[in-house]
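Turn these sequences into a full structure, and let the hints guide you.
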Amino acid sequence: MKARVHVMLKNGVLDPQGEAVRHALGALGFDKVEGVRQGKVIDLDLAEGATEADVTAMCEKLLANTVIESYSIELA
Amino acid sequence: MKAAVVVFPGSNCDRDLSVAFEQAGFDVSMVWHKDSALPEGVDIVGVPGGFSYGDYLRCGAIAAQSPICKAVIQHADRGGYAIGVCNGFQILTETGVLPGALLRNAGLKYICRTVNLKVATSDSVFTQGYNAGDVIGVPIAHHDGNYFADAETVKALQDQDRVAFTYEENPNGSVADIAGILSENRRVLGMMPHPERAADEGHGGTDGAAVFRALAGMVTAA
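Protein sequences, first through last, are from chains A and B.
For reference, each letter of the first sequence is one residue, going 1 to 76 in this note's numbering.
For reference, each letter of the second sequence is one residue, going 1001 to 1222 in this note's numbering.
These aren't lab readings, by the way, just hints derived from the structure by calculation.
Below are the DSBU-like pairs computed for lysine-lysine, each with C-alpha atoms no more than 30 Å apart in a straight line:
{"id": "1", "chain 1": "A", "residue 1": "K40", "chain 2": "B", "residue 2": "K1070"}
{"id": "2", "chain 1": "A", "residue 1": "K10", "chain 2": "B", "residue 2": "K1109"}
{"id": "3", "chain 1": "A", "residue 1": "K61", "chain 2": "B", "residue 2": "K1070"}
{"id": "4", "chain 1": "A", "residue 1": "K61", "chain 2": "B", "residue 2": "K1034"}
{"id": "5", "chain 1": "A", "residue 1": "K10", "chain 2": "B", "residue 2": "K1155"}
{"id": "6", "chain 1": "B", "residue 1": "K1109", "chain 2": "A", "residue 2": "K32"}
{"id": "7", "chain 1": "B", "residue 1": "K1155", "chain 2": "A", "residue 2": "K61"}
{"id": "8", "chain 1": "A", "residue 1": "K10", "chain 2": "B", "residue 2": "K1070"}
{"id": "9", "chain 1": "A", "residue 1": "K40", "chain 2": "B", "residue 2": "K1109"}
Here are a few chain A residues that sit away from chain B, every Cβ distance over 10 Å (derived from the structure):
{"id": "10", "residue": "K2"}
{"id": "11", "residue": "M8"}
{"id": "12", "residue": "D45"}
{"id": "13", "residue": "T51"}
{"id": "14", "residue": "S72"}
{"id": "15", "residue": "A76"}
Every residue gets a Cβ at the ideal spot worked out from N, C-alpha and C, and that includes glycine.
As structure tokens, then:
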């Protein structure tokens, strides 16, 4: 099984990197960009028997810092 | 008095911290990240600055899961003293020993210079050598020093007099200008600025030495 974890800064937490990307896009003439948020994608190769609950536990314990980040899990 | 300084792969302020403890009169032992226990009778643990495990994933995230960090958490849980500086502060927030998190600097740049800090409370073993309101010059050297906690947590820190130091001119976007905080029992200090780099005449300033001097004689093994 494969799992893809998306980790994003929570709404309300300033994302200075996203802001820098937004400014750079504006400088390139892309003037319709109103906001940019930058995050991480983590792909996991999982052995037989792994469950979504396992991936959730991984996110809670290590992959995301839930003080500042939210996460979502896609299984494939 | 015994101090232990944790050494992770990528720590680079471990020896500075060790020297600052020694100059204040501590016997210092260095403990490796794979060790699962602190030396017997340790009064205070220092978690140093640097780039533990390359700061992969998030600053301090991997270090927080290391064997020695489990021992540091147990030490703090039973009322032991600890100080985390820079990466050490990031690690202590990742372990949950201290609240909040350190984000990328608001200006996105790595900042390395001496800044003015205000001593926000003298009510701790770490800050009792100062008067509240004193302004001291201490170096910062970080890319991810932007302290963040939700409004409720910040209010609790302020209401409980747990903000140890604030920036006079906020260099990194930290909420409420926070540069360092104390645990609920006031025995764990985390701060982004480096008092161990302002602890000797050779550093060009000794404003940070009072942190270590004040600790000497005051801490007792938990």
